[in-house]
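Line by line, the protein sequences are chains P and E. Note that this note's numbering numbers the first sequence so that position 288 is 288, with each residue one more than the last. Note that this note's numbering numbers the second sequence so that position 138 is 138, with each residue one more than the last.
No lab work stands behind these hints: they were computed from the structure. Please read these numbers as outputs of a predicted model, since none were measured by experiment. By construction, the Cβ of each residue, glycine as well, lies at the ideal position given by its N, Cα and C atoms. Mixed in with the good hints there might be a few duds.
Unchecked claim - Cβ-Cβ distance ranges computed for the label pairs, FRET-style:
{"hint": "1", "chain 1": "E", "residue 1": "R55", "chain 2": "P", "residue 2": "N542", "range": "32 to 42 angstroms"}
{"hint": "2", "chain 1": "P", "residue 1": "D582", "chain 2": "E", "residue 2": "A61", "range": "32 to 42 angstroms"}
{"hint": "3", "chain 1": "E", "residue 1": "Q135", "chain 2": "P", "residue 2": "L54", "range": "37 to 47 angstroms"}
{"hint": "4", "chain 1": "P", "residue 1": "E604", "chain 2": "E", "residue 2": "D21", "range": "22 to 32 angstroms"}
{"hint": "5", "chain 1": "E", "residue 1": "P67", "chain 2": "P", "residue 2": "H134", "range": "16 to 26 angstroms"}
{"hint": "6", "chain 1": "P", "residue 1": "I14", "chain 2": "E", "residue 2": "I68", "range": "33 to 43 angstroms"}
{"hint": "7", "chain 1": "P", "residue 1": "T540", "chain 2": "E", "residue 2": "M149", "range": "43 to 53 angstroms"}
{"hint": "8", "chain 1": "P", "residue 1": "L54", "chain 2": "E", "residue 2": "Q117", "range": "38 to 48 angstroms"}
{"hint": "9", "chain 1": "P", "residue 1": "S29", "chain 2": "E", "residue 2": "N37", "range": "22 to 32 angstroms"}
{"hint": "10", "chain 1": "E", "residue 1": "P67", "chain 2": "P", "residue 2": "A586", "range": "35 to 45 angstroms"}
{"hint": "11", "chain 1": "E", "residue 1": "I68", "chain 2": "P", "residue 2": "H134", "range": "21 to 31 angstroms"}
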Amino acid sequence: MRAKQMLATMSHEIRSPLSGVVSMAEILSTTKLDREQKQLLDVMLSSGDLVLQLINDILDLSKVESGVMKLEATKFRPREVVKHVLQTAAASLQKILTLEGHVADDVPIDVIGDVLRIRQILTNLISNAIKFTHEGKVGVKLYLVPEPPFAKEGSQHGSDGSTANQSTTSASKTESYTSTSKTSSDQNEFHGKKNEGLCQNNSHREPGTPVTNGTTDGSEEQVELPATTVWLRCDVYDTGIGIPENALPTLFKKYMQVSADHARKYGGTGLGLAICKQLVELMGGRLTVSSRVNCGSTFTFILPYKGSTSCDSSDDPDDLSDMVDHDAMDEDETAGFFQFLPRTLGSLFSSNGSSRTQKLMPHNIGYAKSHKLDGLSENCYSFPMNNGPPKEIDSAVQISSEPGSSISHSWDPDNKSWICSEKSQAVEMKINTSGPQLPPKRQKKPDVGSLSKLNGRQQVLKNSTTSKPKILLVEDSKINVMVAQSMLKQLGHTIDVVNNGAEAVCAVQKHGYDLVLMDVCMPVMDGLQATRLIRSFEETGNWDAAAKVGIEQDSSQPGHTSPTKRIPIIAMTANALSESADECYANGMDSFVSKPVTFQNLKECLEQYLG
Amino acid sequence: MDLFQLQRRLVDYRASLYHEDFLDEQFSQLQDLQDENNPDFVVEVVTLFFEDSERLLNELAKALEQPIIDFKRVDAHVHQFKGSSSSIGAQRVQKACIAFRNYCEEQNVEGCLKCLQQLRHEYSLVKTKLESMFQLEQQILSAGGSIPM
Numbered sequence: 001m002r003a004k005q006m007l008a009t010m011s012h013e014i015r016s017p018l019s020g021v022v023s024m025a026e027i028l029s030t031t032k033l034d035r036e037q038k039q040l041l042d043v044m045l046s047s048g049d050l051v052l053q054l055i056n057d058i059l060d061l062s063k064v065e066s067g068v069m070k071l072e073a074t075k076f077r078p079r080e081v082v083k084h085v086l087q088t089a090a091a092s093l094q095k096i097l098t099l100e101g102h103v104a105d106d107v108p109i110d111v112i113g114d115v116l117r118i119r120q121i122l123t124n125l126i127s128n129a130i131k132f133t134h135e136g137k138v139g140v141k142l143y144l145v146p147e148p149p150f151a152k153e154g155s156q157h158g159s160d161g162s163t164a165n166q167s168t169t170s171a172s173k174t175e176s177y178t179s180t181s182k183t184s185s186d187q188n189e190f191h192g193k194k195n196e197g198l199c200q201n202n203s204h205r206e207p208g209t210p211v212t213n214g215t216t217d218g219s220e221e222q223v224e225l226p227a228t229t230v231w232l233r234c235d236v237y238d239t240g241i242g243i244p245e246n247a248l249p250t251l252f253k254k255y256m257q258v259s260a261d262h263a264r265k266y267g268g269t270g271l272g273l274a275i276c277k278q279l280v281e282l283m284g285g286r287l288t289v290s291s292r293v294n295c296g297s298t299f300t301f302i303l304p305y306k307g308s309t310s311c312d313s314s315d316d317p318d319d320l321s322d323m324v325d326h327d328a329m330d331e332d333e334t335a336g337f338f339q340f341l342p343r344t345l346g347s348l349f350s351s352n353g354s355s356r357t358q359k360l361m362p363h364n365i366g367y368a369k370s371h372k373l374d375g376l377s378e379n380c381y382s383f384p385m386n387n388g389p390p391k392e393i394d395s396a397v398q399i400s401s402e403p404g405s406s407i408s409h410s411w412d413p414d415n416k417s418w419i420c421s422e423k424s425q426a427v428e429m430k431i432n433t434s435g436p437q438l439p440p441k442r443q444k445k446p447d448v449g450s451l452s453k454l455n456g457r458q459q460v461l462k463n464s465t466t467s468k469p470k471i472l473l474v475e476d477s478k479i480n481v482m483v484a485q486s487m488l489k490q491l492g493h494t495i496d497v498v499n500n501g502a503e504a505v506c507a508v509q510k511h512g513y514d515l516v517l518m519d520v521c522m523p524v525m526d527g528l529q530a531t532r533l534i535r536s537f538e539e540t541g542n543w544d545a546a547a548k549v550g551i552e553q554d555s556s557q558p559g560h561t562s563p564t565k566r567i568p569i570i571a572m573t574a575n576a577l578s579e580s581a582d583e584c585y586a587n588g589m590d591s592f593v594s595k596p597v598t599f600q601n602l603k604e605c606l607e608q609y610l611g
Numbered sequence: 001m002d003l004f005q006l007q008r009r010l011v012d013y014r015a016s017l018y019h020e021d022f023l024d025e026q027f028s029q030l031q032d033l034q035d036e037n038n039p040d041f042v043v044e045v046v047t048l049f050f051e052d053s054e055r056l057l058n059e060l061a062k063a064l065e066q067p068i069i070d071f072k073r074v075d076a077h078v079h080q081f082k083g084s085s086s087s088i089g090a091q092r093v094q095k096a097c098i099a100f101r102n103y104c105e106e107q108n109v110e111g112c113l114k115c116l117q118q119l120r121h122e123y124s125l126v127k128t129k130l131e132s133m134f135q136l137e138q139q140i141l142s143a144g145g146s147i148p149m
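With the sequences and hints as input, model every part of the structure.
Put into structure tokens, the structure is as follows:
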């Protein structure tokens, strides 16, 4: 016991100066550093974070075990918690995974519980799931369940000793009240009568002292109100590597990993699940797991919560106000499905990358299929471009952070076409459904200083209010983009940049441009086809041709270009046979500049077509 | 070595790079784009080029290791490499890419492998040269001088 105490104390002492080191490193990373220094610093930061995490885990665990853990009773919204945890995970996601959350309709808007701990548990389970899943998805399902059997059975009285490892509550279901201290504030110390009430496993206590497990006192608290308890079950599921049967029994034990290999390969301290289990049981619930190797795992915890509309018979004025709040429900609160698509999709199909994440407008991403059209062996994607007001549209919140690594263009032999993806995985998108409209809050910091500058320069969405011509640069190579952009900047132009023909068509659908510089060879859709589609619009006044190949424009978004105005489209060609000048003209281009693009060529071209 | 000598050295070094076709006029285009508003432009573009090239070389090696080689894929990578090297004026690398693409078209495995080797070689040469050049520039700047154009 003393050792544990010492460990807890020391951990706390260690934490402060370590925090200091990490903070300094973070500040250092914002200063001007050369590449080598940056790399060294990154190692420092990640190591520091890891150690801090470890110390926090140790502290938590020792707190729970020694019984000094205080549980809070806060009113919170389970949907928001699920969404926030997923958002946070999605923002720092380094792999191609889909994150989703599903909260059943019958889950109350508000419940009362220890939101901090619940968030901790959820985060832990989700990050575990992500860690051990290399493709597919990780998700959360939250739904109401009837009172589970373990809640009814075995009334373990306080004299039983430590209860942290046993989740039990009252034997009698009819004792439906829990003693609480004043309910005037949302944040209370939660005093559960250990063997009554269905909510807490703690013994009650006098206010001001920490809750200790394993003791019951005579009740000095007033048993005030009947409280309704809801049991919520939360499944955290994944399509990951799974857990072998023989590892299941020891999974929740401290310092245990599935195997030594696992520990080496995946890292981690093995403390996470033990803490989760302790916390869940401390709160009166249960944590279980089911898994199949190579299929995936599902971690389930069931917890009791006080429903916050429980206090009907109370004459506490604050409870009434709580109820009034509930009536003011709007769509956001009841939205129960969230989906976070893999990050790369945002960079692929949005014409403006991360600038869009700063807006409050949701963007629909539709279903992607690959067709093989006659004569056009390309992947076709549909992009319903929807910029309408949030509440009217069902859409998923997309976390698209800036891509920190380069997008590789991989050849898909099955479809004989190009796939733009990171890490050479096929792109697949899902249909989104209802979800709340929230601006994504976090963006991943790009790894390379120059890349971030590059992306920063790319995000010029706003049309300048002067009569400066608007130029669209369509180019897939980052280096070429950087060079061309710099040249155009020197010529006094700010430009929009997209990375393939499909994005170019979308951009033209949305904005009017005075000039388009179109690379010919690009993945997803080449410059020739993009030009054909744009010309088709100009000639017919509609985007049918584009829709045919899967580029959909939302009808609520009027086109910004009048069909009669012909945009000068200049090919940037490497002069290979497939990119001959004749072919460019035949597809509707006005002129070409040959690569590598020189300042002089660009200047002359702009003078000719922009006047 | 005093400042003047350093500057002299840089000029000569650069001239030799052009003379030996490591660099061509496109590189001067990059230098022209560097100014007070954009003081590190050349280093930034070249750094980006290095990263991109290393990625491409890895992809090429992987693609050529496959039991059944997808030549279209290999060609696509080389095409990219050709584009980026030409954009920064790395002439010898660009030329190596052109030769490589011919072998891809012929679906000649051995030829491709040899070309990959050649490409790696040219890339590492130009990388070393450029890094040395940047180092020289840095020395000049540290000594308080300015980079001769």
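The hints, checked one at a time:
no., hint, verdict
1, R55(E) with N542(P): 32 to 42 angstroms, "holds (41 angstroms)"
2, D582(P) with A61(E): 32 to 42 angstroms, "holds (37 angstroms)"
3, Q135(E) with L54(P): 37 to 47 angstroms, "holds (40 angstroms)"
4, E604(P) with D21(E): 22 to 32 angstroms, "holds (27 angstroms)"
5, P67(E) with H134(P): 16 to 26 angstroms, "holds (23 angstroms)"
6, I14(P) with I68(E): 33 to 43 angstroms, "violated (55 angstroms)"
7, T540(P) with M149(E): 43 to 53 angstroms, "holds (52 angstroms)"
8, L54(P) with Q117(E): 38 to 48 angstroms, "holds (46 angstroms)"
9, S29(P) with N37(E): 22 to 32 angstroms, "holds (25 angstroms)"
10, P67(E) with A586(P): 35 to 45 angstroms, "holds (40 angstroms)"
11, I68(E) with H134(P): 21 to 31 angstroms, "holds (25 angstroms)"
Checked against the numbered hints above, the structure violates only hint 6.
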